[in-house]
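Chain by chain, the residues run as shown.
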Amino acid sequence: MAMNVPEDLQYTKEHEWISVDGKIVTIGITDFAQQELGDVVYVELPEVDQNLEKEESFGSVESVKAVSEIFTPLDGTVTEINEDLADAPETINEDPYGAGWMIKLELSDTEQLDELMSAEDYIAYVEEESGS
Amino acid sequence: MSVKKTPLNRIHREMGGRMVEFAGWEMPVQYKSAVEEHHAVRKAVGVFDVSHMGQLEIVGPDAEQMVRSVTCNDVGRLQDGQAQYSAFLTPAGTFVDDIVVYRFNAERFFICVNAGTTQKDFDWVVQNQAGNVEISNLSDQYAQIAVQGPLAEATVQALTETDLSGIKFYWFTEGQVAGKPGIISRTGYTGEPGFELYVSTEDAEHVWTRVFEAGKPHGIKAAGLAARNSLRLEMRYPLYGNDIDENRTPLEAGLGWIVKFNAPFIGRESLEKQKESGVTRKLVGFTMVDAGIARDGYSAHLEDGSTGEVTSGGFSPSLGKSIGLVYLPAQSAVVGCEFMVDIRGKLRKAEVVKTPFYTPS
Chain A
1 MAMNVPEDLQ YTKEHEWISV DGKIVTIGIT DFAQQELGDV VYVELPEVDQ
51 NLEKEESFGS VESVKAVSEI FTPLDGTVTE INEDLADAPE TINEDPYGAG
101 WMIKLELSDT EQLDELMSAE DYIAYVEEES GS
Chain B
1 MSVKKTPLNR IHREMGGRMV EFAGWEMPVQ YKSAVEEHHA VRKAVGVFDV
51 SHMGQLEIVG PDAEQMVRSV TCNDVGRLQD GQAQYSAFLT PAGTFVDDIV
101 VYRFNAERFF ICVNAGTTQK DFDWVVQNQA GNVEISNLSD QYAQIAVQGP
151 LAEATVQALT ETDLSGIKFY WFTEGQVAGK PGIISRTGYT GEPGFELYVS
201 TEDAEHVWTR VFEAGKPHGI KAAGLAARNS LRLEMRYPLY GNDIDENRTP
251 LEAGLGWIVK FNAPFIGRES LEKQKESGVT RKLVGFTMVD AGIARDGYSA
301 HLEDGSTGEV TSGGFSPSLG KSIGLVYLPA QSAVVGCEFM VDIRGKLRKA
351 EVVKTPFYTP S
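Chain order of the listed sequences is A and B. For the first sequence, position 42 (counting from the first letter as 1) is numbered 42 according to the numbering used here, and the numbering increases by one without interruption. For the second sequence, position 276 (counting from the first letter as 1) is numbered 276 according to the numbering used here, and the numbering increases by one without interruption.
Since the hints were derived computationally from the structure, they do not count as laboratory data. Glycine residues also receive a C-beta, built at the ideal position from the N, C-alpha and C atoms. Be aware that one or more of the hints could be misleading.
As the list claims (entries may be wrong) - Examples of chain A residues lying across from chain B (beta carbon under 8 Å, computed):
(1) G38
(2) D39
(3) V41
(4) Y42
(5) E44
(6) E62
(7) V64
(8) K65
(9) V67
What the hints assert, rightly or not - Distance condition first, Cα-Cα at most 30 Å in a straight line; then the derived DSSO-like pairs of lysine-lysine:
(10) B:K260 to B:K354
(11) A:K13 to B:K346
(12) B:K120 to A:K54
(13) A:K13 to B:K32
(14) B:K168 to B:K216
(15) A:K104 to B:K321
(16) B:K120 to B:K32
(17) B:K354 to A:K104
(18) B:K120 to A:K104
For reference, chain B alone in the conformation it holds in the complex (with noise of 0.2 Å):
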């Protein structure tokens, strides 16, 4: 299968931006410098280009209850206009895919997906229709910007007459961005303020450039995925396919938060038994206690002799450390617990601190 290209890989590459293949999409991994667009999104404002994510829609008459049946966080609780962190579940609990859903209205609902799940995940939607539903997969006709940080909204409002200060985080509104139709949602992985524009894939250059003028004053820079997930990370937010996957539960990735038992969903019988029964292995943040970079895949290594698995790590440039998150026996997995990670053969010490690890100021 060939790789993938966004509408601004034009643009990426005029930038500088050193281009990588992640989830079948050729991405820029950073521009000039990680940890400068990472201190940008922290400081100022960032754009990002995060049109390798997909879209899919779901239409009609039973879509709000077509929507509930297939996601473990409640949509009955969304209003118009009101998006949620949620997720696909496998009848074992298990992480299909986390996911972003936006209620339009009680007909019509339209769901952010990862990239490399995008195939897979449409296609087990439409395995699980129920009812009078209509299901699309719309990644193809948009593209998404996010511009992410303290001065994100000053960059956005000056391309839209739409009053941005009304939308509240997690809640989004059809409107125009630089002339160009599109979706603008408060919504984003940084842990910053800032907003995610859906827009058609082929407004997707002028947008960006637009994007780019209005942040000059603000001291914009472009941002690739390097810094995506140095920010993320900072925030605890799992990556899918490292920290979440099909052999995780919500309960063992700490996201708990987003089942609501109230209604039927595909997963829900065996995470009630597993919320009974409690978890046995549960996902923490850490800290190096001794010097080095805990990687993803690393393994971990207590003082009884079980073991755990670093699912991500790296440096994080806001604290100026190596943090982490790792899966660790239940009775382990509490903040103050040290550990050793195998760094390359060499085993660091590691201890489990409370997340978010940075607080947005």
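Chain A extracted, bound-state conformation (with noise of 0.2 Å):
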């Protein structure tokens, strides 16, 4: 299956996308997941002001088939949530990098930002999982 991963961005083994400026980070899911999932009919976010804690599930999303929890793989603060989605959850299907981004966390702790995947550990660890 045909799977964009920016260059850009940094991954997480449960298939979410982070984007860094600064304290604040950006997070959403791959395109391999939404692949995975199909058709996204109905994505749960936090409230803003929530703290998150690393490895805390913070929302979900839900295709027709199968709903999936998202998990934050940074301790930190939800400055920011696309309330866009409410609406038009397929937005994460047809821009999962973009106009498809769930939340903005303020991180506490920017060492933890190290343990994240680069695109290529991505790439090779989806490869490894899938078993192609």
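With the hints as a guide, bring both chains together as one complex.
Have a look at this one:
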């Protein structure tokens, strides 16, 4: 399956992408994840100002057939959520790395960023995981 | 046990079908988009490979009597060429399987059964054999292709000399489709007009390809299990293994209409008793009032502390909202009753509604 993995982002094993801008990161799910899920029909996101701890579930993405929980790979406080996803959850399928972003987080510990995967590592991880 | 493949497996892969295991079979859950496949069936035409379904045949001088004794609906009402939704029941009146019975004639009945229960059903029917009949499992000989939607008839008519307008709902005929012999049945699991075609496994690729060509001008789409599930759920059709199983009776499942007490059948006494005493729990439809999607297996919580079980739940593409089926205590299983669904630890409000959820135009 053709998979888009932008070079300038970082990734997790749970198929999230992270874009870093100083202490603020933007989190969404990868192209691979949205293809695996199929048509996204509902997205649940946290509240602004909510504190999240690394590996905590902060929301879910649901397709016709399945639900997938989304975990934060980093500690931080939610500064913004993508409210457009409530009315147009399919944006996650259409533009997973752009208009389909999910939350912005202000980090409490930027050192945690070192644990994320590069695009290259993520591609290798997905290929290994899907046995191709 | 290895996963079984239908004769259309190669075609599904070529078409980009996302293959998953279902009831011991490798089946396409969707091709490109389950939502688009769903809408194609509601608005135009869709084609499903349902070759995983099983087919049994009961043939012989005592066939009609034998079928009556193992099914809860009244096969005696059928004429030659007519089909009937029915069930095999345990002595306790619970579902061995839900089935469609086809009467070719008084001495030949063809029964379409669920994929995951085919062997169990066959063994069960053989175990309950009565009189002079021969029972066969024909599942390996048949492929089954469902063509469903408002333009299904136009699609199939282009491939057959059989006058399809002459086949009424839940009737069937033997005929040729795309030059191959088979059974043309006006039945389905979507609520839309359409046909299920039973053809020989070696003709499956040919018939599928021709159906697809004939449906092209109508915007035909191949549809997978996800669309099949959302379509049937909107109609409140039960799914064996989810909504009905060996712990549920037709009276609990809201399928009292398929139970006819006019002759003996396995499970009758239990159902008569249950009918007299009344059911304690009932399957009803609900929609979510709060946000969220209730999924299969989630628990329901009522104000009085009693509980229920969501047996099917998902997003309805036609209605754009979350719908489902839930077993509730009988006194709460009434339209308008509100309850909470435990959605992964969060209690969200839902409401019992009338079904079907969707009325095909």
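Hints, verified against the model:
{"no.": "1", "hint": "G38", "in the structure": "holds, 5 Å"}
{"no.": "2", "hint": "D39", "in the structure": "holds, 4 Å"}
{"no.": "3", "hint": "V41", "in the structure": "holds, 4 Å"}
{"no.": "4", "hint": "Y42", "in the structure": "holds, 5 Å"}
{"no.": "5", "hint": "E44", "in the structure": "holds, 7 Å"}
{"no.": "6", "hint": "E62", "in the structure": "holds, 5 Å"}
{"no.": "7", "hint": "V64", "in the structure": "holds, 4 Å"}
{"no.": "8", "hint": "K65", "in the structure": "holds, 4 Å"}
{"no.": "9", "hint": "V67", "in the structure": "holds, 6 Å"}
{"no.": "10", "hint": "B:K260 to B:K354", "in the structure": "holds, 24 Å"}
{"no.": "11", "hint": "A:K13 to B:K346", "in the structure": "holds, 26 Å"}
{"no.": "12", "hint": "B:K120 to A:K54", "in the structure": "violated, 48 Å"}
{"no.": "13", "hint": "A:K13 to B:K32", "in the structure": "holds, 25 Å"}
{"no.": "14", "hint": "B:K168 to B:K216", "in the structure": "holds, 25 Å"}
{"no.": "15", "hint": "A:K104 to B:K321", "in the structure": "holds, 27 Å"}
{"no.": "16", "hint": "B:K120 to B:K32", "in the structure": "violated, 34 Å"}
{"no.": "17", "hint": "B:K354 to A:K104", "in the structure": "violated, 41 Å"}
{"no.": "18", "hint": "B:K120 to A:K104", "in the structure": "violated, 53 Å"}
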